[in-house]
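Asks: Now for the letters of each chain:
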Amino acid sequence: MSDTSARVVIVGAGHAGGSAAAFLRQYGWKGSITLLGAEKVPPYQRPPLSKTWLKGDAQLADLLLRPEAFYQTNRIDLRLAAEAVAIDRAAGAVLLADGARVAYDHLILATGAAPRPLRVPGHDLAGIAMLRTLADADHLRSLIVPGARIAIIGAGYIGLEVAASARTLGAEVVVIEREARALARVASLPLSDFFQQRHAEAGVRILLDATVAAFEGSGGRIAALRQTDGTVLLCDAVLVGIGAAPNEALARPCGLDCDNGVVVDAAARSSDAAIHAIGDCTRRPLPLYGRTGRLESVPNAIEQAKQAAADLCGRTPPAPEVPWFWSDQFDIRLQIAGLPFEVAETVVRGEPGSGSFAIFHLAGNGAVQAVEAVNAPAEFMAGRTMIARRRQAVASRLRDVSCSIRELAG
Amino acid sequence: MPKVTYVEYNGTEHQVDVPVGTSVMRGAVDNNVPGIDADCGGECACATCHVYVDAAWLDKIGLPVTGSQEASMLSFAAVAQPDSRLSCQITMTEELDGLLVRMPEGQH
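Chains as they are written, first to last, in our numbering: chain E, 924 to 1333; chain A, 3 to 110.
If you are wondering where the hints come from, they were derived from the structure by calculation, not from laboratory data. Quick caveat: nothing in here was measured; it's all calculated off a predicted structure. For each residue, glycine too, the CB sits at the ideal point set by N, CA and C. Be careful, since some hints might not be right.
Said to hold, decoys possible - Cβ-Cβ distance ranges computed for the label pairs, FRET-style:
| # | chain 1 | residue 1 | chain 2 | residue 2 | range |
| --- | --- | --- | --- | --- | --- |
| 1 | A | E96 | E | K978 | 44 to 50 Å |
| 2 | A | S70 | E | R1002 | 38 to 44 Å |
| 3 | E | Q995 | A | D99 | 47 to 53 Å |
| 4 | A | E97 | E | Q1315 | 29 to 35 Å |
| 5 | E | R1024 | A | D85 | 36 to 42 Å |
| 6 | A | D61 | E | C1177 | 55 to 61 Å |
| 7 | E | G1287 | A | T93 | 44 to 50 Å |
| 8 | A | G100 | E | N1288 | 50 to 56 Å |
| 9 | A | A80 | E | E1102 | 34 to 40 Å |
| 10 | E | A1196 | A | G23 | 42 to 48 Å |
| 11 | E | R1101 | A | T14 | 21 to 27 Å |
| 12 | A | Y11 | E | L1157 | 37 to 43 Å |
| 13 | A | T93 | E | R998 | 26 to 32 Å |
To be verified - Residues from chain A that keep clear of chain E, each with C-beta distances beyond 12 Å, as calculated:
| # | residue |
| --- | --- |
| 14 | T7 |
| 15 | A58 |
| 16 | G64 |
To be verified - Where chain E lies over chain A, by a calculated footprint (3+ residues, C-beta under 8 Å):
| # | segment |
| --- | --- |
| 17 | 10-18 |
| 18 | 69-83 |
| 19 | 91-99 |
In isolation and in its complexed conformation, chain A is listed as follows:
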């Protein structure tokens, strides 16, 4: 099963299995990884599953589509950066095995 490494703001790493077809948000929540709250449960309504995608993976994952709900939400999310994504909008594939994402300081 593909693995994802989540890095908390304080540097703590969590490597967990995330099944293909599952969102990167769900992978964190199902494994109780701190720092991803996902208030809305994956509806792209809250921006509480914000992550920074590691530079090595950004090409594979891509940026949110301009004008999309995700892009609009992120444009005002706390501490957004060019490598920001909402992890509920990243679906796990075999190609993403080894993905590394970092968490912002807070989700609000």
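Bound-form chain E, shown alone:
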């Protein structure tokens, strides 16, 4: 067991870093905790940024992970606008942009991921937004006004959630997607079909197999974008939502093992015994699937925050969880459990046209690998249980809605 009077420094005050600080205190950590955040706001929830926050339906207090007074009450030294620029592993210190050094006995890297920029001509014009931080969201919100023509690059979850919010706010929305379908990398074909249809019904235009060649401006502001086929699309603002890359800028130069994410084990330990890494910045074991991967999600941030805190406090590590995700668009609540690796058969349960259905993904032996549930919380919860228990299912019975989901989940 580690010495609980030692100094923990957490780099990154997002959902992972903020949660790790709280769990350390819950688990009895006696030593100091320093939480370094590059942004000016205390740890907050990012998922609402594309939804309730963008639509003006949430207050800052709703977004905050914990109230501001929490950190002092729990003896957490929260330092905001404190940007870490390097790690001195030999000395056990983090270097900040303002020249300060923060000494650690244990370091937790929670540096998150950064949106991938689209480096085409005109990418630095005013009116082009990305979405990761509260400041990004406020910028985006200022651009989405009734009647504005918003072009969204990328039909992933960020792109489609913003498209839904922007339509609700009365903007004209076009989504430009490089692949042949929306959500190509993160959803199955029936789910892509469903979302494309619902967005079309709501007046969102989705252009597939379409690639942006350049942004064109007028007086320094975005005015249009040109596709590789020469088509020009007039627009007043752009959101680039083409995925995110793990922030390894601290971990790589100091020699930590990185491979599209800081490589960690099931206790969130990096290749240095004094350094844990958690959240979006990591490549982690996926024990249910016998491989490693990156999971960009709040549940993953919380799970790894618990792993690191438990490891430092000498507690039994928590049992592995089934990865899960959610998305809200218009009146659609999507919940996904599991990951669709080695899928041999896909079963749609329920009628997509009804607006409530679930898609189960089965391995060759019938084991449920993943479920995508649309306005179907019971199927989501049942699927999550089946995945955790490695339960095998019979496709024909899953498809048969007269078989109760309770019976199928056993």
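Take the given structure of chain E and dock chain A to it, following the hints.
Replies: What follows is chain A alone, placed relative to chain E:
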């Protein structure tokens, strides 16, 4: 301010002030009460804020509406019981001063 007592699975009690209009989930999270994770932040999407409502309070709070998102989530939550609620769906009122909820063994 109304108070809520949260009882961990191991029996440890936490009595905290929860402002009127705040959810019982938020009251636990804001006071770092262990055992309520609230992954989704109160969107009724995850069932990681599951509690058992003490019998003396069940009438005042009531059960989740049949067919609601909460009822569906709870029907498959780990170790659900007839007195189960998702604490993000219970809003604090003056009438709930003294409320007692117990935590399940785990939230998954």
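Asks: Against this structure, judge whether each hint is valid.
Replies: How the hints compare with the structure:
1. A:E96 to E:K978: 44 to 50 Å: violated (31 Å)
2. A:S70 to E:R1002: 38 to 44 Å: holds (42 Å)
3. E:Q995 to A:D99: 47 to 53 Å: Distance hint for Q995 of chain E, D99 of chain A is violated at roughly 27 Å.
4. A:E97 to E:Q1315: 29 to 35 Å: violated (48 Å)
5. E:R1024 to A:D85: 36 to 42 Å: Given a distance of about 53 Å, which is not inside 36 to 42 Å, the answer is violated.
6. A:D61 to E:C1177: 55 to 61 Å: 59 Å Cβ-Cβ, so the 55 to 61 Å window holds.
7. E:G1287 to A:T93: 44 to 50 Å: Roughly 47 Å apart at Cβ, these two residues keep to the hinted range, so it holds.
8. A:G100 to E:N1288: 50 to 56 Å: holds (52 Å)
9. A:A80 to E:E1102: 34 to 40 Å: For E1102 of chain E against A80 of chain A, whose Cβ atoms are near 37 Å apart, the range 34 to 40 Å holds.
10. E:A1196 to A:G23: 42 to 48 Å: Since the Cβ atoms of A1196 of chain E and G23 of chain A sit about 46 Å apart, the hinted range of 42 to 48 Å holds.
11. E:R1101 to A:T14: 21 to 27 Å: At 53 Å between Cβs, range violated.
12. A:Y11 to E:L1157: 37 to 43 Å: For L1157 of chain E against Y11 of chain A, whose Cβ atoms are near 59 Å apart, the range 37 to 43 Å is violated.
13. A:T93 to E:R998: 26 to 32 Å: holds (30 Å)
14. T7: holds (17 Å)
15. A58: For A58 of chain A, whose nearest Cβ neighbour in chain E is about 28 Å away, the distance exceeds 12 Å, so it holds.
16. G64: holds (19 Å)
17. 10-18: Coverage by chain E is violated for the segment 10-18 of chain A (0 residues, Cβ < 8 Å).
18. 69-83: This one holds; 7 residues, not fewer than the three required, reach chain E with a Cβ under 8 Å.
19. 91-99: violated (count 0)
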